[in-house]
Each structure stands twice: as structure tokens, then as C-alpha cells.
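> For reference, the chains in residue letters:
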Amino acid sequence: MAATEQTIKQINTLGDTDYKYGFSTELDEIRPPKGLNEDIIKFISTQKDEPEWMLDWRLNAFKVFNKLPKPEWAKLNIPEIDYQDCYYYSIPKSLKDKPKSLDEIDPEIIKTYEKLGIPLKEQKMLSGIAVDAVFDSVSVATTYKKQLSDLGIVFCSISEAVKTHPDLVKKYLGSVIPVSDHSFAALNSAVFTDGSFIYIPKGVRCPVELSTYFRINAMNTGQFERTLIIADKDSYVSYLEGCTAPMRDENQLHAANVELVALDNAEIKYSTVQNWYPGDKEGKGGIYNFVTKRGACRGKNSKISWTQVETGSAITWKYPSCILQGDNSKGEFYSVAITNNMQQADTGTKMIHIGKNTSSKIISKGISAGKANNTYRGLVNILSKAKNARNFTQCDSLLIGNKCGAHTVPYIESSNSDSMVEHEATTSKINEDQLFYCQQRGLNSEDAVGLIVNGFCKEVLQHLPMEFAVEAQKLVAISLEGSVG
Amino acid sequence: MLEIKNLHVSIEEKKIIKGLNLSINKGEVHALMGPNGSGKSTLSYVLSGKDKYEINDGTIEYNEKNLLELDVDDRANEGLFLAFQYPMEIPGVQTSFFLKTAINSKRKYLGQSEMDALEFAKLMKSKAEELNINTEMLKRDLNVNYSGGEKKKQEILQMSMLSPKMAILDETDSGLDIDALRIVSEGVNKLRSKEKSFLVITHYQRLLNYIKPDFVHIIADGRIVKSGDYSLALELEEKGYEEISKSA
Chain H
1 MAATEQTIKQ INTLGDTDYK YGFSTELDEI RPPKGLNEDI IKFISTQKDE
51 PEWMLDWRLN AFKVFNKLPK PEWAKLNIPE IDYQDCYYYS IPKSLKDKPK
101 SLDEIDPEII KTYEKLGIPL KEQKMLSGIA VDAVFDSVSV ATTYKKQLSD
151 LGIVFCSISE AVKTHPDLVK KYLGSVIPVS DHSFAALNSA VFTDGSFIYI
201 PKGVRCPVEL STYFRINAMN TGQFERTLII ADKDSYVSYL EGCTAPMRDE
251 NQLHAANVEL VALDNAEIKY STVQNWYPGD KEGKGGIYNF VTKRGACRGK
301 NSKISWTQVE TGSAITWKYP SCILQGDNSK GEFYSVAITN NMQQADTGTK
351 MIHIGKNTSS KIISKGISAG KANNTYRGLV NILSKAKNAR NFTQCDSLLI
401 GNKCGAHTVP YIESSNSDSM VEHEATTSKI NEDQLFYCQQ RGLNSEDAVG
451 LIVNGFCKEV LQHLPMEFAV EAQKLVAISL EGSVG
Chain V
1 MLEIKNLHVS IEEKKIIKGL NLSINKGEVH ALMGPNGSGK STLSYVLSGK
51 DKYEINDGTI EYNEKNLLEL DVDDRANEGL FLAFQYPMEI PGVQTSFFLK
101 TAINSKRKYL GQSEMDALEF AKLMKSKAEE LNINTEMLKR DLNVNYSGGE
151 KKKQEILQMS MLSPKMAILD ETDSGLDIDA LRIVSEGVNK LRSKEKSFLV
201 ITHYQRLLNY IKPDFVHIIA DGRIVKSGDY SLALELEEKG YEEISKSA
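The listed protein sequences derive, respectively, from chains H and V. If you count the first sequence from 1, position 84 lands on 84 in the numbering used here, and the numbers rise without skipping. If you count the second sequence from 1, position 66 lands on 66 in the numbering used here, and the numbers rise without skipping.
I should point out that these hints are in silico values taken from the structure, not numbers from a laboratory. A portion of the hints provided could be inaccurate.
What the hints assert, rightly or not - Simulated pairs of lysine-lysine, DSBU-like, Cα-Cα distance not exceeding 35 Å:
{"no.": "1", "chain 1": "H", "residue 1": "Lys429", "chain 2": "V", "residue 2": "Lys18"}
{"no.": "2", "chain 1": "V", "residue 1": "Lys5", "chain 2": "V", "residue 2": "Lys139"}
{"no.": "3", "chain 1": "H", "residue 1": "Lys458", "chain 2": "V", "residue 2": "Lys122"}
{"no.": "4", "chain 1": "H", "residue 1": "Lys458", "chain 2": "V", "residue 2": "Lys226"}
To be verified - Quick list of simulated restraints, FRET-style, between CB atoms:
{"no.": "5", "chain 1": "H", "residue 1": "Glu108", "chain 2": "V", "residue 2": "Leu191", "range": "54 to 64 Å"}
{"no.": "6", "chain 1": "H", "residue 1": "Glu481", "chain 2": "V", "residue 2": "Ala117", "range": "20 to 30 Å"}
{"no.": "7", "chain 1": "H", "residue 1": "Glu481", "chain 2": "V", "residue 2": "Ser23", "range": "37 to 47 Å"}
{"no.": "8", "chain 1": "H", "residue 1": "Lys70", "chain 2": "V", "residue 2": "Gly175", "range": "53 to 63 Å"}
{"no.": "9", "chain 1": "H", "residue 1": "Lys284", "chain 2": "V", "residue 2": "Glu130", "range": "31 to 41 Å"}
{"no.": "10", "chain 1": "H", "residue 1": "Gly401", "chain 2": "V", "residue 2": "Glu54", "range": "50 to 60 Å"}
{"no.": "11", "chain 1": "H", "residue 1": "Pro71", "chain 2": "V", "residue 2": "Asn134", "range": "34 to 44 Å"}
{"no.": "12", "chain 1": "H", "residue 1": "Lys387", "chain 2": "V", "residue 2": "Glu12", "range": "35 to 45 Å"}
{"no.": "13", "chain 1": "V", "residue 1": "Asp51", "chain 2": "H", "residue 2": "Ile78", "range": "57 to 67 Å"}
{"no.": "14", "chain 1": "V", "residue 1": "His203", "chain 2": "H", "residue 2": "Ser417", "range": "41 to 51 Å"}
All figures in this text were calculated on a predicted structure; none of them were measured in a lab. Cβ coordinates follow ideal geometry from the N, Cα and C atoms, glycine included.
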């Protein structure tokens, strides 16, 4: 209770916005100078005590990055990013010597996670959810590690995996998102700092939700998350990531690469609740969220399902995708993207059908309020070998007010005559009569908007793990506060 | 309970209600009858607080409060209920969840704690049974793919669960078959008490066979032109609006 009160107090001092996670933690940090160059990359690699092959991989990615232009396809107004005016590495000093147990971790950091509702201490751990907590550039702690390792499940930070499971990392890192994919992917490959690594062995069904909580704390610092999840044959895992950042006036960069690999009969369910600081009402500050997420259904009958609730960030650029290589493999994408005030989002998915009888399903719900712009961009590509492939796409947009925009840009390419592709799209405005009806039953206007929008998003929210669905519903309502005058 | 004096209302410059007076005491059931375009539905929207209507003159006192100063949700939480002529569909929102949200909004307004899940389930079940509503239906999205009759029953269910002080029924009989009409009317009759008042708006005398009003008013061109007891409704059925209005 005390932590909650403290949070509320902190937020009240932070001014006019309702962002609940906008506090920052005062800590001594280790930070190399600003700028992006080979020395910084070497510094990161040394700090992480990486083997040489990893450093070489990074340096090669940096060369690629320098040759690639910035991706330009999105309907976003992205200010010029000065890569030299940003810190690429920041860790609290107290974490430098790799605390062996939670008792050695700076209590301020533990407190930060408690305030965010993520207790790390054993006796308070969330039941049924193992958490990897990433603070700026480093993983702080991972819960339930012992219980998981008894099942042969590896759940640790990617930095640790580079050292403890080099064969798996070498084999799969960059195998789904090639370094040269686009410039953000190359940048991440060069300077990635931390993220989670998961390996689920053959035949194991992971008994708990695995989850990473990303927190950007330091100023002017980019966060370059790298996550790799491998589900071996006949395995199953459900993973969830959450993200928050302090409210700061300047923009901060988050460029993540997430790779998933599902082998024969394996299933990966990946859920995101993204609530980075969106900037204030005038559009000052906020996170630039450039994320590449891609899953490869390599094995037959494999399945990858993405569920995302995107409510934060000043700019969201994100297309979680599935490469459906294995015969009978399935890809799913369930998305809620909410933009309010000056936020911009360009998000969607790519479903690449390669194997026979592959199927994909896309349900996208875009909600736009204030002066925000929200774009769904998706590609369904059915290659000639993908006999009997199926896709169903449904894109619904909801507008609140008359200064916001919603756009739907679907690309469909089919090189095969026995495939079937369906696309449905709707755009609607929040209905005054519905609002009046709810208010006549005693709901105030914000609760009424929250209720109607949550109803609109239900098909997506119901795919979130139960524990998070309730939180997500609240978040949906909070994100739209003040959107109906 | 409700005191409307010299009410003048327009929408987009068009005058709809032109000097309406109506007084409803606690425990009374009033029927308001009138032809299309006479201002019946406008009155129900003005009372419940829908915007777009301009109040040009007059006062409305509700429960010793100036009704026109209250927000839509505050009016509702003060016990004013409108059974809609066309209940809204809200996709993705389970009917039972909506009911629970409405009940708890009212309790919050009154400074009471939330109703616990068990108590709510019991209340909903007993009220639904009274109205012959299958509780399976309450698991569906609010009013989505409900038949006309189901929607109206749903309104009455909401009314009985929220237990308003002043209920306005806006053409609740339209679109109902005889059986549904009887069930809906019985639901309303069960709610009748010394504490509750009703304003029943309808075109037809038929509904009043089931819900016997204490008073009947005939509205024409934005004014109440004739008031009387139940027999006025029967007279109206016989003579029609035109003749009654003329004789008024």
C-alpha cells in the first residue's frame, strides 16, 4: 500500500499527465559517452564479458547499419534521429558486479519494480508467472529460475545465454531477422543490450507464464532489447512482456529485435502490453518505439500467436510477423493499438505462407483519439508452394473525436490459385447514442468510453493471459481518459 | 417527484415542446399519449438529459433538485430511468457485465461499496426469472442480435435491477407481440409502489390495458391538451387524436 501511495505522490508532482509509471529512480549509473561507433560497441561487449564471436557479430552488424537507409514505408512523421546524440549503454553501478542474489541488488531498483507491480523477492513473487526484469541495459533478476531449470527450461537474460548456451544463440540469433533486414534491425544487432532468452526443450509444456518487464530509467538512453525464444519439438510456452518508462521531455529510443522459432508441433504464444511513456498532450517527449518482431514456424504443425496491446509511445513502428515454413503451421496476430493526443502508430503484421496448408489469422483493432494517427499496415504473402493456404484478416478502426485519423493499408500477394484470402475492414466513430445509453444507466462519460472501447477490443483482449487481461482493460480505459469532452 | 413547468424545447431552431406542464407525485403512474411528432420522445430525452436539445424556457424539478442542472449520469444515479424506445447495441460487452457496471456506478454515486459477485448473481437471476428471461441470454453481448421483444425485456430487467424512483417508458410497447407485452407489463406492475413513479409514453391504449395508469395526458403539438383518468385513454381509442385534440 505504501508503495502505491508513494507512486501516486510522485506522479502528482510530475505535472499534467495521467501516465502512472512516469517516475524515475535516482541511481548512480555507468555510462560510456554519447555516440555510436565501434568503440562503444566494443565497450558494451566488454562490459558484458562477451566471447569474441559475439563482438564480431556486432561489429559486422554495425557495418551493415551504416550502409542501410532508414525505412520509409510507414505513415509516420519521424523526426530525424541523431544517433550520435544518444547513450547506448547505461547500467546502475550497483549491478556492475553482477549481484548473486536479490539481497545484493540496490534496494532502490527492487523498489522501482515493486512500484510497477512486479515484485522480485521470493516471498512476494507473482504466482504462475516467472519474470525477467530488465532495467535500462541490463537484466536485474529472473524469478523462478530454479523451478524452470528442473524442467530443462532455460529462461535467462540474453547476455547470460551468450555465455551459457552459445551453441543455441549462434544457431538461432539473426536466423529469423537477418542483420541486413532494415536499419533498425541492424542497429539493434550492433548495440543490443539485454532482453530475454528462452529455450523450451522437446516435449515440455512450460507450466508458468514467462515474462519480461522492460524499464527505461536513465535519461537520453536508448534501449535495445533483444529477445530470442526457441520452442523445441512438441513444446509450448506463453510469454508476456510489459514496458514502461519515466516521463521525460526529450524523446528516447527503443529499438527491439525479437525472434521466435517454433519447431515441429511447438507453440509459442507471445503477448505484449506496451505502455511506454507517450509524451505529453502537446506531443513533447515520449518513446520512439521501433520494434522488429518475427517468428518462424519452422516445424510442421507449429504455431505462433502474437497478441499486442499498444497504448504507449510517441511513435510506434511495429509489425510482429510470422514466417509459416512448416506444413500445416499457423500464425496469428491479435492487436489493439490505441493512440491519443499526438501519438502516432503504424503497426500491423506480415504473414508469409511458405508451407502447405498453412493458415493465418489477423484481428486488428485500432483506436484513435485526440489528434493521433493510427495506421494498420499488413502483408499477407502466399508463395507458390503454399498449397491450400488460408488467411483471414479483420481490421476495425474506431475514431473518437474529429481530429484523429485511422488508416488501413493491407497488401495481399498470392502466387497460388488454391489459397483463400479474406479481408474485412470497418471504420466507425464512437457512437453518441451508445455513450448516452451508458450514461443514462449511471456510467460517467469516461467509464462509458472505456466500456465501449473495451467491448470493441474484446476479440483481442481475450487472447491475453488471464492475469493480464484485467490490467489491459484498465489500461485501455486510462489511455483514453480525457478523449471525450 | 417530478414537476415540469412551462417547458419550451427546440432542436436546431425547431420548436418541439411549447409550454408543457406536468406534475407527477410519488407512487403515481402517468400515461402520456399522442400522435407521431407531438413531442413525446423529445420529452423523454429532455428529462434524461440528452444533449442537442435546447431548453428555451421553463423549469423541471425532480426530487427537490433542479433536474436541468444535473449531468446525464447524475440524473440516472439519482433514480431517473429511461427505458429506451430503441435500446442500443454494445458489441463485446456482456449484458450481465453491463448490468453490474450500472449497478455499481449507482452504488459508488451513493457512497456504497460495490455489490459482490454472488449477491449480484442472485439478484440478476431472480429478476430475470420474474421477466421470463433466460439467464443464458445475459451472457450475450448487450442487445446484439436480440429480437425486438428481447431488447424491451432487457430494458425492463435493467429497470427492475436499478430500482429507479422515476421511470420513463418510451414506447416500450412498440414492436412487442401480445405475450411479450403482457410479460413486460407484469414486470412494470411488480415495480409499482408508493415510492416509485412512472411516466408511460405510448401511441396506443393497448398497453394501458396492462399497466393501468392513474392519470392520462394527451399531448399534441408540444403541449398537453387534455388530462384525465384511465377513461380518457378509452375515449381516445374510440375518437382518435384529431377529434380529442379539437375538443380540447
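> If a hint holds in the structure, say so; if it does not, say that too.
Hints, one by one, checked against the model:
no.: 1; hint: H/Lys429 <-> V/Lys18; in the structure: holds, 34 Å
no.: 2; hint: V/Lys5 <-> V/Lys139; in the structure: violated, 43 Å
no.: 3; hint: H/Lys458 <-> V/Lys122; in the structure: holds, 26 Å
no.: 4; hint: H/Lys458 <-> V/Lys226; in the structure: violated, 50 Å
no.: 5; hint: H/Glu108 <-> V/Leu191: 54 to 64 Å; in the structure: holds, 59 Å
no.: 6; hint: H/Glu481 <-> V/Ala117: 20 to 30 Å; in the structure: holds, 26 Å
no.: 7; hint: H/Glu481 <-> V/Ser23: 37 to 47 Å; in the structure: holds, 41 Å
no.: 8; hint: H/Lys70 <-> V/Gly175: 53 to 63 Å; in the structure: holds, 59 Å
no.: 9; hint: H/Lys284 <-> V/Glu130: 31 to 41 Å; in the structure: violated, 56 Å
no.: 10; hint: H/Gly401 <-> V/Glu54: 50 to 60 Å; in the structure: violated, 23 Å
no.: 11; hint: H/Pro71 <-> V/Asn134: 34 to 44 Å; in the structure: violated, 54 Å
no.: 12; hint: H/Lys387 <-> V/Glu12: 35 to 45 Å; in the structure: violated, 60 Å
no.: 13; hint: V/Asp51 <-> H/Ile78: 57 to 67 Å; in the structure: violated, 39 Å
no.: 14; hint: V/His203 <-> H/Ser417: 41 to 51 Å; in the structure: violated, 58 Å
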